[in-house]
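**Q** Please build the complete structure, drawing on both the sequences and the hints.
Those letters in the sequence shown? Residues 1 to 141, per the numbering used here, in order.
Do not rely on the hints blindly, as some may be mistaken.
Stated by the list, open to error - Between beta-carbon pairs, the in silico distance windows are:
| id | residue 1 | residue 2 | range |
| --- | --- | --- | --- |
| 1 | Ile30 | Arg79 | 36 to 44 angstroms |
| 2 | Arg3 | Gly123 | 35 to 43 angstroms |
| 3 | Arg3 | Ile121 | 44 to 52 angstroms |
| 4 | Ala31 | Glu74 | 25 to 33 angstroms |
| 5 | Ala29 | His116 | 26 to 34 angstroms |
| 6 | Glu74 | Asp50 | 14 to 22 angstroms |
| 7 | Ala84 | Asp50 | 12 to 20 angstroms |
| 8 | Arg3 | Ser132 | 40 to 48 angstroms |
To be verified - DMTMM-like, lysine to aspartate or glutamate: derived pairs with alpha carbons at most 25 angstroms apart:
| id | residue 1 | residue 2 |
| --- | --- | --- |
| 9 | Lys139 | Asp38 |
| 10 | Lys139 | Glu120 |
| 11 | Lys139 | Glu90 |
| 12 | Lys139 | Asp107 |
| 13 | Lys139 | Glu115 |
| 14 | Lys139 | Glu92 |
| 15 | Lys139 | Glu66 |
It should be emphasised that the hints constitute simulated quantities derived from the structure, not laboratory data.
Where is the CB? At the ideal position from N, CA and C, for every residue including glycine.
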Amino acid sequence: MDRPYRLVLDDSPGLADLALLEDQVAAAAIAAAGVGNDRAFAIFVRDDDDRLIAGVSGSTWGGYCELHAMWVDEPHRGRGLARALMSGAEAEARRRGCGVVAFLAYDLLARGLYEHLGYEIVGSIEGYPAGSAARWYRKTL
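**A** Structure (structure tokens):
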């Protein structure tokens, strides 16, 4: 029996709907690859008042670690926090049996940082966003 479907544009999608979408894509990829479940992780830097000032998040599956986000609050940049976070993510990836770390980053936020940390550019989209570029990075552990 055919069911009617409708496309619905949501200009402010709820976090639960976005999480469901991401979870379903991840589950389908894991099932197709046959390599077991993904496992999320995050490493945070907090100040003396327990405020979040930096962090990195990612997931591991299939021998890979994919980083999702890395951020350092503006007043705390230039103090080695990005290096410490990336080092911590790499250590966790190794602990989980991963041989590679990969992620997408934007030049306008951290141009040159990841190359300095030993990552190689394996793909790029120039002009994304306008006047900059997005780059896929990879590092073999």
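**Q** Now tell me, hint by hint, if it's right for this structure.
**A** Hints and how they fare:
| no. | hint | result |
| --- | --- | --- |
| 1 | Ile30 to Arg79: 36 to 44 angstroms | holds (37 angstroms) |
| 2 | Arg3 to Gly123: 35 to 43 angstroms | holds (39 angstroms) |
| 3 | Arg3 to Ile121: 44 to 52 angstroms | holds (45 angstroms) |
| 4 | Ala31 to Glu74: 25 to 33 angstroms | violated (41 angstroms) |
| 5 | Ala29 to His116: 26 to 34 angstroms | holds (31 angstroms) |
| 6 | Glu74 to Asp50: 14 to 22 angstroms | holds (19 angstroms) |
| 7 | Ala84 to Asp50: 12 to 20 angstroms | holds (18 angstroms) |
| 8 | Arg3 to Ser132: 40 to 48 angstroms | holds (43 angstroms) |
| 9 | Lys139 to Asp38 | holds (19 angstroms) |
| 10 | Lys139 to Glu120 | holds (6 angstroms) |
| 11 | Lys139 to Glu90 | holds (9 angstroms) |
| 12 | Lys139 to Asp107 | holds (17 angstroms) |
| 13 | Lys139 to Glu115 | holds (10 angstroms) |
| 14 | Lys139 to Glu92 | holds (14 angstroms) |
| 15 | Lys139 to Glu66 | holds (11 angstroms) |
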